[in-house]
Structures are given as structure tokens and as C-alpha cells.
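Trainee: Chains as they are written, first to last, in numbering that gives the first Met the number 0: chain A, 0 to 268; chain B, 0 to 223; chain C, 0 to 223.
Please keep in mind that the hints were generated in silico from the structure rather than gathered at the bench.
A couple of the hints might just be wrong.
[As the list claims (entries may be wrong)] On the chain C side, residues computed to face chain A include the following (Cβ under 10 Å):
| id | residue |
| --- | --- |
| 1 | PHE21 |
| 2 | ALA22 |
| 3 | MET27 |
| 4 | VAL60 |
| 5 | THR93 |
| 6 | ALA100 |
| 7 | ALA112 |
| 8 | HIS156 |
| 9 | GLY158 |
| 10 | GLY167 |
| 11 | ILE168 |
| 12 | ALA174 |
What you are looking at is a predicted structure, and each value in this text was computed from that prediction instead of being measured.
Think of the CB as a built atom: it goes at the ideal place given N, C-alpha and C, for glycine as much as any other residue.
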Amino acid sequence: MTADNSDPLFSAADDGWDMPAAAPPVALYLELDGWEGPLDLLLDLARRQKVDLRRISILDLVDQYLAYIDEAVELRLELAADYLVMAAWLAYLKSALLLPREEQEDPSPEELALRLQLRLQRLAAMREAAARLMARDRLGRDVFARGAPEGLRVDRHHVWQCDLFALMRAYGEVKLRTQPVVHMVRERLVMTLDAALARVSAMLGVTRDWVELRSFLPKPEGDTWADPRLQRSALASSFVAALELARLGKAELAQEEVYGPLLLRRGAS
Amino acid sequence: MNDAEADGGPGDLERAVEATLFAATEPMSAAAISAHLGGANVAEALAALGAHYAGRGVHLVERGQRWHFQTAPDLAHLLRREREEPRRLSRAATECLAIVAYHEPVSRAEIEAIRGVQTARGTLDVLMEAGWVRVAGRREVPGRPVIYATTPEFLSHFGLASRRDLPGIDELRAAGLLDPVEDALEAVMAGVGATALEAASPTDPLGEAPMNSGHGVAEAEENA
Amino acid sequence: MNDAEADGGPGDLERAVEATLFAATEPMSAAAISAHLGGANVAEALAALGAHYAGRGVHLVERGQRWHFQTAPDLAHLLRREREEPRRLSRAATECLAIVAYHEPVSRAEIEAIRGVQTARGTLDVLMEAGWVRVAGRREVPGRPVIYATTPEFLSHFGLASRRDLPGIDELRAAGLLDPVEDALEAVMAGVGATALEAASPTDPLGEAPMNSGHGVAEAEENA
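Turn these sequences into a full structure, and let the hints guide you.
Mentor: As C-alpha cells, then:
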């Protein structure tokens, strides 16, 4: 741990950063396909500093990344957009870190740098975990299951269940389903038009006052007239009869309002 | 390794032979095992393994000079178990069974005619698997169709001494099993409604119909 | 049976469990073994078998509560097949698998947030095809993203009794490295107050933990 500096995160790299000397840049910089995106490249650069990711200098890391991108551009390598976006963002971060603290905006550059550092730690942790996982004794590579297991078989065998009542009910259902069905049209009680004509004209003969059409209908007291269907039939037939009588001039029809009672009286002639 | 052997535990070579045979996809000759393990002499290891596994659930066996592990013969039944699963007879199968019981012997075509629905072959198979229906020969008519009848197991399962114990049509009707849905509806209507209905149907022709089919069944029963 | 047990030989139930697991084509849970053996309590037999096989060339292991026999790890050099590793995973796939295993259940977006790069659809497909990763429903947040988790086969393949055995998972959790960046950031900021500079100082709680992960990283690098 370096206690010499109040600012271990962003201090200049005085804690073992030997990357430029240790790794000849050309070999590193010629290849771009080796990294899976800017974060991957940043992690690799950070590791070259050979320090705990907790104490890495983000400022140095930014410098390295920008230098890398510059060199790649000089070599006219095609750079993916996300590398350039990261370069722009890091350049902004660097300038913000170098500005006097009073002028910092929200979120502070320190927070942005910390966020980057935390992301690098998490990626590094997962990369390490993956390596340790892959190095385990793996089934089919290091340890083996039985080569020729006999296999287990379970033969399922149904025990069918049914009782006498179910049997009887089933037979009853068959019988019901298949017995011949007789359709019968029942005789309906109706008042024919002729009957209505006779009845209405007979009743008109007596008076010349306006009478509501309904009062021409047979009264429901009679036993056969209790059927509402017969009453509807009588009303319809009586209405048609009234129209017919009006057409012939034997009756006059009046209705004072829409859906109001239909009034009828003997014709003047 | 020597310590382990002194303790009665397996030696390295024995363990290696054990693992090799366990992982092998087919039986291996001693020579093949030896080749796999860099030329070691495996005869002793095989003998030790054979002795070790003799009392266990898996045995090391030699067949035609090739070695492999195999389930102990007295446990072979574990490899193939039978399990009984209770299952309700489907509606179609129950109908089919009832028709066979009342009309036997019947052909498949006759069953379909009575049911008024096509009967899947599987339905009769299920009844035969259950042990309740058997093939009772062929009918001597064109096409010689197979005819079916019930079995003694059918009678014992349903608690019947003989087919004569099957409830007759009158008993079915008394149990309400022959009440058509339409009749029930009509009865409700009539209860609510008025004279018109009564006038319309002084004698309900539908009321007669079950009588006829009732006779039919009675005849079938007598014929049988 | 009693004689055999008195001799230290296996009892009937132990032999039956042994035979069943030898014959099974897939790892079996204790419940499945019990069901196959007519409902016997197999816990003791499994423990006895585990102890018996501990020193042998074949081991009895439990992976994700399912049991199977496999060859002893120290014999790997003898048994390793000559051919290539059956599934050679890309780096992207291994990282993805680690993220799913250590963070499960996890959405694709969360995987991408950690890796800092888009994850090709094929990467997860490869892991699912291998039988190591499965879809584990959807997260009930806007967009209802699909979430992924590992399978029992994953545990079997990598020799893990459960997810708790994932290498280093306790240290990673203690170091907060399995928490999202936002949470860690909040913890750091809240822990120290005004300036983020102090937050990163070695005296804060997060500052201590990473020592471990730092070592871990160094080790991984050496392993690679």
C-alpha cells in the first residue's frame, strides 16, 4: 500500500508501473482483434501495470489508452467506433481530472473514474472466475462417467379402473344418444286474418267513437286466450284487418303520437 | 501406494484398471487395458478387483477373455422394473365395455352401430389389456368379422355372478339412467307454463320411445 | 445380509443403490433412487457407498443433489482421451458462463454491462446447447427481459456439489464484486462522504477487501 499520497487512485504512476519498458509497444499495438471491446483493452492495459486494480492510476490508464488509439490511427488501422467513443470519453475524463476541483461538474470526474475502476474490477473478477472454472476437473475431460451403463427401465403397467355404476351409466348414455328422435311441429293457436276482419268490422258497425285497437281484441279471461302467443297473433291480425278496412274506406285510423295508441272508428261512408 | 496396499486399500494399478474398465464403452481384454496403462501387467490387478467386487452390487466379469463391470445377477431385476399405475377407463372404453356386456358377442361394426360413434381400435385393445374383453371367434357372415365377448375377470371385477345379474332396462330407468335430457326440460316447462302445452301434447310421443328401445335391450338379453 | 454386514461387506440396500447408480445413464437424486428401489431410505446407503469408494479408482459424487459415479480425478492423466476437448469454448462464452454462474439469475443486459461489450446471440446459445445454461423465466421489470441460470448438468460437468462451491464465490461476494457497479459506487460514496478521492483510499471497507481479489487476479493470470 502506498501511504505517501493522499490520492492513490489518481496519483502519478510511481508504484511499479513498468509497462512501457516491459512490453514493446509494437507487438501490442498491431493487433486490435485480440480485444473484446474497449473495456477489455483497458483491463489488459491495467494489468500491465502489475498492481492491484484497487490502486491503479486511472490517469495513467487513460494516457495509455489514448496513446494506444493514437498509434493505431497512425498505423491507419481501422478502429471500431466504440474504441473511438471510449477514447473521446477518456480524454474528457482526463481533462476533468486535471481541472481545479471547484470547476467540477456533477457527476464529478472522480466518480466517473471510480465507476470505471469498479467496472474493471468486476470484469477482472469474472475473467479470473472463468479461468478457475475451466481449470476444474471436468466430466468427460478429466473425470469420466460410466462408459457403458446398462440403463434403468421402468415399464409402466396400467391397472384399469371402472365400476358397475359407471358401466350402467355409460350404457344409459348410449341408449339415449342413439334412440330415434321424433320431431313434431305443434299446432299453434292463431287468429287468422279472415277471423280478425270479420271480428273488427262487426264491432265497428256499432259505434262511430274513436276506439283503441287493443279493445277489439278478445279478452284474456277466456280459457284458450290465456296463451300470450295467441294474444300477439290476434293483435297482429287485427292491425292488418284495420289497415285493410281503412284501405277500403270502411274505417278511419288515427295515431296522435309515435308509438301512441292506435285509434279506430267506422268510416264516414 | 504400498501403504495403501498394506491397509487393504487398492493399489494405484488396481485403481487405474478399475477406472479404465468403468469408463470403457465396451469390454476390454487384459492386453488392451495393459496397453492403455503403459504396458503394466494387469493380471493381478484384475484378480484383486474381481475379488473385491464379488460381494458388491456390481461384479467384474470376464466374457470371452474381455472384462467389464456388470450389475450383480441377483440385482438384475433392478434394471427393469414394473410399475403399476391405476387409471380410470375412458368414457369411450366404458361405453364399449357396456355394449359388449349387454350384446355379446358383438363385432366392432355392431358396437359402432350401437354407440353411433366410430370406435378406435385402441379402445378394444385397452379392454382386452384390462382382461375384461376377449376375442370370441368370427361371425360367419361376409367379411367374417371378429366378435368380442366379456371374460370371467369382467364378472369378478364388477361383482357379478353371471351376465344375468346385469341390471335390466327397467332397473336402469328406475335409477334415472334412461331419462332423456329433453324430457326433463319439458317437465320443467310444463310445470311453469299453462294449458297450451298440455293441449299441444296430450300424449308425448317422446314418452313412448324409450319403451321401444327398452324392448330391444330386453330381447338382446334374452338372446344371449 | 446380516452376515455380510458383520463382515464389513455391503448390505442389501447398499448393493442395490450401488447397482442402480452404476446402471443409470444420468445422475440420480436420492428421491429418484428411492423411488426406483420401492421407497427405501437411501441416505445411509449413499453415505456408506461414498465412504467405500473414497479411496478407489471410481468415486461416488453428489452434484446439485444428484448422485453419480465417476473416475477419480487423480487418474485423469491415464484416462484423458487423445482427441480434442469435446467443447472448446470461446473466451466470450467462458466469461458469459462465469457471469451466469456467479450472478444467476442474470439478464443478457446485465451480462453485457459486466463485459462491456455486446454479447452475440450465439454465445448464450452455445452455453444452452451444451446444457449448462437455461432460461429461468423473465425479470418483472419494464421490458420483462429473459433471465438465465445454470443447470444441474453445469454442476456435474464442473464437479461442483452446489453453486456454493463455485471457486472463490465467498471472497467475491465479501469484496462486493458480485454487486452491481451502482451499488458499489453508492457504498463507496456513502461510506466516506463528500469526496470520491477519499472513498478510494486504502482505509475504507472496500479498500481492504480487494486485496484478496487482487491476489486472485494475479493467480488467474499465472494459471492462464
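Trainee: Each of the hints needs a verdict: does it hold here or not?
Mentor: For each hint, the structure was consulted:
For C:PHE21, the interface hint holds, the least distance from its beta-carbon to any beta-carbon of chain A being 6 Å, beneath 10 Å. Hint on C:ALA22 holds. Least Cβ distance to chain A is approximately 4 Å, under the 10 Å limit. This hint holds: C:MET27 has a C-beta 8 Å from the nearest C-beta of chain A, less than the 10 Å allowed. Because the closest C-beta pair between C:VAL60 and chain A is about 8 Å apart, less than 10 Å, the hint holds.
About 4 Å separates the beta-carbon of C:THR93 from the nearest beta-carbon of chain A, less than 10 Å, and the hint is met. For C:ALA100, the interface hint holds, since its Cβ comes within 10 Å of a Cβ in chain A; the closest pair sits about 7 Å apart. The interface hint given for C:ALA112 is met, as the beta carbon of that residue sits about 8 Å from the closest beta carbon of chain A, less than 10 Å. A least Cβ separation of about 5 Å between C:HIS156 and chain A falls short of the 10 Å threshold, and the interface hint therefore holds.
For C:GLY158, the suggested interface contact is upheld, since its CB lies about 5 Å from the closest CB of chain A, less than 10 Å. Residue-level restraint check for C:GLY167 holds (minimum Cβ-Cβ distance to chain A is 6 Å; threshold 10 Å). For C:ILE168, the suggested interface contact is upheld, since its CB lies about 8 Å from the closest CB of chain A, less than 10 Å. At a threshold of 10 Å, the smallest CB-CB gap from C:ALA174 to chain A is about 8 Å, leaving the interface hint in force.
Every hint, counting from the list given before, is met by this structure.
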